[in-house]
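Each chain, written out:
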Amino acid sequence: MFHRFEDVASVRTKLADAKYLADEGIAGIVYLADRLGKPVLVEGPAGTGKTELAKCVAEVTGSRLIRLQCYEGLDESKALYEWNYKKQLLRIQTEEDSDWTEIEDDLFSEEFLLTRPLLEAIRAEDPVVLLVDEVDRLEIETEALLLEILSEYQVSIPELGTVVATQVPLVFLTSNATRELSEALKRRCLYLYIDYPDLDRERQIIESKVEGINENLADQVARIVRSVRQLDLKKHPSVSETLDWARTLVLLGIDKVDAQTATDTVNVLLKYRTDIDKAVKEFADNQDELVPEGT
Amino acid sequence: MVSLAEPTTHGGEKPLLDLLSDFIVELRRAGLPVSLTENLDAMEAVTHIPIEDREAFKYALGATLVKNHAHWKAFEVVFEVYFSLRGPEYDVIGEGDDAEGPDGEVAPGDGQQPQGGGGGMQALTPEQLAEMLFKALMNGDAAMLAALARQAVTRFAGMEPGRPVGGTYYLYRTLRNLELDDLLEQLMEASREDAPEDLTPLEERLERDEFSDRIEQLKREIEAEIRRRLVADRGVDAMAKTLRKPLPEDVDFMHASREELANLRKAIYPLTRKLAARLARKRRHGRKGALDFRSTMRHSLSYGGVPAELKFRYPRPAKPEIMVVADISGSVAAFARFTLHLVYAISNQFSKVRSYVFIDGLDEVTRFFDGVEDIGEAVHRVNTEADVVWVDGHSDYGHAFGVFWERYNRDIGPKTTVLVLGDARNNYHASQSWILKEVQQRARKVYWLDPEPRAYWDTGDSIVGEYGNHCDGVFEVRNLRQLEAFVEKLV
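For the protein sequence lines, the chains are A and B, in the order given. In terms of my numbering, the first sequence is residues 554 to 848. In terms of my numbering, the second sequence is residues 14 to 504.
No lab work stands behind these hints, which were simulated from the structure alone. Think of the CB as a built atom: it goes at the ideal place given N, C-alpha and C, for glycine as much as any other residue. Where hints are given, some of them may not hold.
Here are the simulated DSBU-like cross-link-like pairs (lysine-lysine), alpha carbons at most 30 Å apart as the crow flies [stated by the list, open to error]:
1. 279(B) with 824(A)
2. 502(B) with 788(A)
3. 365(B) with 824(A)
Quick list of simulated restraints, FRET-style, between CB atoms [to be verified]:
4. 251(B) with 590(A): 35 to 43 Å
5. 813(A) with 406(B): 42 to 50 Å
6. 270(B) with 808(A): 44 to 52 Å
7. 307(B) with 599(A): 37 to 45 Å
Please model the entire structure based on the sequences and the hints provided.
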């Protein structure tokens, strides 16, 4: 069987080249997904790079990314395939006098099939990465749509027969865990939880993603964000928000964060009124508390 | 279909696959739902990842066996017990240990014996050791910290072979000898001196966080080391059993430790989010509304005027009104807290939520929740500010119900669902259960939630049976799982 990666370390270096800094777990699971030919279910808080992972894997393996954005009300005609009934209608009308059985055979052929992302990924001749984004937005009944594809890499179309994948695509499903996914779905996938990165990794991410940032500032940003994440907040700052904050600081020409600049720009990092108040209070509290001690 | 190549552990005493199946059995015992396919996946996965790469190995098993992040902690503990002795990490640690047991398994009681390896730390005086520890923490030298953790356990834990303990005591003893509390201040002091100029408060705060983090890491190292030795001493199965803890959703409200309560609090927010999303969906998709004539006609155009596809209006079922009456006396306070939290977090599912708390007096606490964003804060205020003591601060359901009836009976209507939370331990006061009967006649439904195990009901001063006669349902709600199930049913 054809493999995309030689070993875990190569997953890491390749992803790093694409500016995605994978930790041990992420690299190991991507490698396993390739070897076992299994889909990966990626869960974790918003903005920790779940979708980004799929994109970067597509990039480094030179595959085409096929994306299915899930939403409530998504059905098989939008996810799998649909018969182009308008074209079928035309076909019937143009040859009204010919033999019906002939027309009927003709009507349900590839020509009238509209492929949607899932079927497209299955039928692709070139290497593809299939990304099923925010799968937790699907209703529990619609989830079943995915099951056949995820375990067998095939789609059954009653009129046409079964379409089997010529090559096993890498599949990523992302979820923000707004609801528990069904057992059946989870069983078919490898499970990867992407949490907020630890200090070192976050610093490296900042350094690689934010242009023109110096080491000191990156370090400070990472450390402040870590402290903020320890507070009891409604929504903790995500990696993308951290990056936005770092970019803001660079744009403002700040190379050292103090309590004042942190307070002024914290609204880039936090999005809820109560959270911002809490963080600001935290910055200020320290001042009162620690200045006498420090001097 | 699974190629069962036989990678054995470097010790060679047990084939990996046997070990793995024991491991999975233990996971199941710990309450993790591991299916057969997942089991097979794990077995296939380990053929691709060498066991020597311990981190990758752990994630490989995790990815195939653990499909819920809340279970990860439990998995980690079991993993450590089953695979701790086998990684290369352990080889590095105990050159001294390994020399004694050729099969890589450490002889019981080894923790007691002096180690030859470990970089000659044996010869150090306690002062030198403390100094090295200080430096390692200062510089964030992870390898050194790990080595020092091992040394500290050897010296201070005083582990006795064969004692059936979980290691908490050893941990406590080691930590006490290391005097970590003072260490943080000393580190801060040193870092202030090192800095070219005075630290700004923010920098100071960051330094502090950094050091606390390193000290936490040291603690984790020590804990892991103790566990490793206990496993070596008592064997894998015995240790796994000692360390087995309930999953967060199965923790009993009434007997949760402080740490477990903190974990519960963390678990409740994602839970409410999930619940709200699920309920909203259920509401919309539960049944169809009336025929939407206009939309049907519009869609019939694509079928040449034949109404082939019927369209319905979105259903808008009436939302229930909720009254929560909660006992917040000591024994059941945690339970009341979590239930109030949950009910308010999904309060948009109800047309109105009113809440009352009592011990022997009763107070309406709806006001604490009005227009408050932070429910946790409001619940905290309920517990500290509500006026619930009438005479002696021992639960008196009868009197509390009396007050409730007298003040609020006019507010109970046919749309109201009343939830009573409590263990019905009435301290032998009068039950006044006629009130509940009256309430039941007026309200849509009356439910009683009891955080005690069913077996304890109606024992001692519990009179839940008597009250239960006048309720539409009495439920045992001991943990988050049961609470979630009940709330879903309620809506």
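Right, here's what the structure says about each hint:
1. 279(B) with 824(A): holds (20 Å)
2. 502(B) with 788(A): holds (29 Å)
3. 365(B) with 824(A): holds (28 Å)
4. 251(B) with 590(A): 35 to 43 Å: holds (39 Å)
5. 813(A) with 406(B): 42 to 50 Å: holds (48 Å)
6. 270(B) with 808(A): 44 to 52 Å: Given about 46 Å between the Cβ atoms, the range holds.
7. 307(B) with 599(A): 37 to 45 Å: holds (38 Å)
Of the numbered hints given earlier, the model fails none.
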